[in-house]
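2 protein chains.
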Amino acid sequence: MTQLETYIKDNENYFVEDLKGWLRIPSISTLPEYANDVHRAAEYAAVQLRHIGLEHVEVIQTQGYPLVYADWLRASGKPIVLIYGHYDVQPVDPLELWETPPFEPTVREDNHMYARGAADDKGQMMLVLKALEALMTVNGTLPVNVRVLSEGEEEAGGTSIAHYVKTYPQRLHCDAVFICDTEMPSQDVPALICGLRGIIYTEVEVQGAKRDLHSGTYGGVAPNPLHALAIIISRLKNADGHIHIPGLYDKLREPSEAEKKLWREDPLHMNEALMQEMGVSQLSGELEYPPLQRIYARPTLEVHGIAGGFVGEGAKTVIPAVARAKISLRLPPNLKSDEVFTLFERAAKEAAPPDAQVTVRNIHGGEGVLTSPDSAPMKAAAEALKETYGKQPVLLGCGGSIPIAALFNEVLGVPIVMMGFGLASDSPHAPNENYSLDQFFKGIRTVASFLQKMGV
Amino acid sequence: MTQLETYIKDNENYFVEDLKGWLRIPSISTLPEYANDVHRAAEYAAVQLRHIGLEHVEVIQTQGYPLVYADWLRASGKPIVLIYGHYDVQPVDPLELWETPPFEPTVREDNHMYARGAADDKGQMMLVLKALEALMTVNGTLPVNVRVLSEGEEEAGGTSIAHYVKTYPQRLHCDAVFICDTEMPSQDVPALICGLRGIIYTEVEVQGAKRDLHSGTYGGVAPNPLHALAIIISRLKNADGHIHIPGLYDKLREPSEAEKKLWREDPLHMNEALMQEMGVSQLSGELEYPPLQRIYARPTLEVHGIAGGFVGEGAKTVIPAVARAKISLRLPPNLKSDEVFTLFERAAKEAAPPDAQVTVRNIHGGEGVLTSPDSAPMKAAAEALKETYGKQPVLLGCGGSIPIAALFNEVLGVPIVMMGFGLASDSPHAPNENYSLDQFFKGIRTVASFLQKMGV
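Top line first, the protein sequences correspond to chains A and B. Read in order, the letters of the first sequence are residues 1 to 456 in the working numbering. Read in order, the letters of the second sequence are residues 457 to 912 in the working numbering.
These aren't lab readings, by the way, just hints derived from the structure by calculation. All residues carry an ideal CB built from backbone N, CA and C; glycine is no exception. Some hints could be false.
Said to hold, decoys possible - Some chain A residues judged to face chain B by a derived CB distance under 10 Å, without partners named:
1) Asn11
2) Met136
3) Thr137
4) Gly140
5) Pro143
6) Ser215
7) Ala228
8) Leu283
9) Glu288
10) Pro291
11) Thr300
12) Ala315
13) Pro333
14) Asn334
15) Glu383
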């Protein structure tokens, strides 16, 4: 057994305890009442970075939540890897569906850690930090130069880090970016992500009358903003999953024959896995495209919530003055978020009934990204995964959006390695988020190996 | 000045204080946390009834909130008038729009009482009680026999009173029912309501996947219950206000030429009033029908709220497993609520996309009602209104629903006199509900006169 392996083996419990400590901090970045906790989670990351022996550890204040930076640049002549992660988490509602409290991390019988952030992204970021710690402790040095940059607004739009990256690209000079925030198709099938969808997240507000109205007195002559939103939403995307935003599909990249074949043949049986995870007998959406294409390479439009009126127990016959819908679109790499927002805003207004005054807000947006599997960092990552899992990783698109990946790509002009150890059953953003500890430890080994191969 | 007039004049402040005391009790019947307050509001009514000198005052326990009963049956040979009112109120959200707290009744500069329930129905019920008190105090007797029956579930479906009326019709034997829970077109134009719309209030639930999903990982293949609801709602009622429920319009009564003429000519300028109250430049709905017809004589469908997913600050990319819409229909008198519910349920399920599992719940329903203006009680009411306001009342339909009116009509087989003193600016069910104190005192005089005329 190598010294590195021995160190990892001997410290499993301690690694898990360090993760638990971080998970106990409810660092929900979208809810102002958790502001102190988000700051505490940043400090926790800084302590970890100092403990590893990284240098220039800094909690960088921003207009929003801080960035946590550290580097170690003593591997002369070796490449620089910029490691990114985020220490903020999603809200936890509906709380009643959690089997154990979201901020009391619990390892259940399945040897998975259950907590908000267990997968997204504290668990995945912690395994990278523990790989660095293992390498540094065993060797007294790292095989490559490293910068770590962590943010606390990934779930809230990532404004501060975007500003920082655009303002100080020279401080982030590197040869590759490594992001550990993605999934594998299953625990036997390692994966590298070479494509990510972008996103626009919007709020569509409809104003009707100047005040809430009683449906008995006004029903039949009053504008109903909730009804207007239903009409707008049903016009923007029909029951067949087609999005009716003029211009949206114009710039969509035609997939390669290899991609089409992979999606059609679905050798990993992901279609079945998706159905099982969702508990449905048939997949929804554009039935004329293979499901994997719908997830990775087609734009999608989803409603996340509709506010306004009365949703309590019982009955209230109110016609609300105002209603708001949260609507996002996922965008394959060559659809640009700002262009799509303009198209979306116009389409939403055109879809509205004449009595609806519509305002469309751009809450946040981010671009998709494509990374070549033939780049040196991607090859190193592929070899490391093969070493741990005994098989060549599959190259996948990813339906989710990591806007910062696109920004790094654009500003730093280097390959983005997206290698994560999450599983589809992790339930990120949902109740009972969890992370396989087996994947956690394999992740530590894989990342350590990846960095070693980068340094050869 | 008559003794009665003197009594009313001398006791204005005390009447208002009695009303305030009732309004301070937050008797919101749809929210379980106010259960104690709803009971307190019932006791308050009972105290008032005893104070008047009515007999057999009883707080009748039910499966839900109590009924408050009293009678006075000593006017030998005179008709029996059953007086109905309700002591429960609507919820108060959005609380931030109230200029004064909803349960701190405040008389503002406009000499209106502002509080939840000020109009609907504590204010209107209190003026009836004060008319009884004035008559009894001044004369030591009442001009007619009286039963008073008050409930605490009017805003929550009225199950208990419906059960009571159906079970014990003999206890409610009477010659007319009097309900003071309606409006006048303006403070110069007295009105009697001879038609009320019925209602069905439903909840449409859509189940998608078995758990909440992340739109990045599942967007494009996941069922989205919020999107399904948008499609269902937009198919049930289109942007032109047409309701697409097969069979709904089949039994609709053809309005008389007189009604059509009134609606078309709109001598009371209610269309302008409606636009001003709502702050809109054009009325919504079925433009091919006059607005008054849309309010009084056409069925309407309104969405009151849509629950599911995320509606907080910021962004959460959740696709909820379940979403629910509260949808009601107002029904002109000859559309029966149970028949319409069956049609609605079928239409809602047929309107659903194939990946939506739809459940439709009948939260409550009530029938519409028609009362002949030629009946003796309606004539007495008309004369009393003319006495107070100096002009003949207009005979109106009413867009709102008072299901109990239809039930009384059906079970007791007597005319229902709906004479109320509310104004369109009262904002019942909305923030800043209020009631004109001028109308309150005129109401006391009118009701006293009405009962006297009934007793002639």
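If any of the earlier hints don't hold here, list their numbers in rising order. 1, 2, 3, 4, 5, 9, 13, 14, 15
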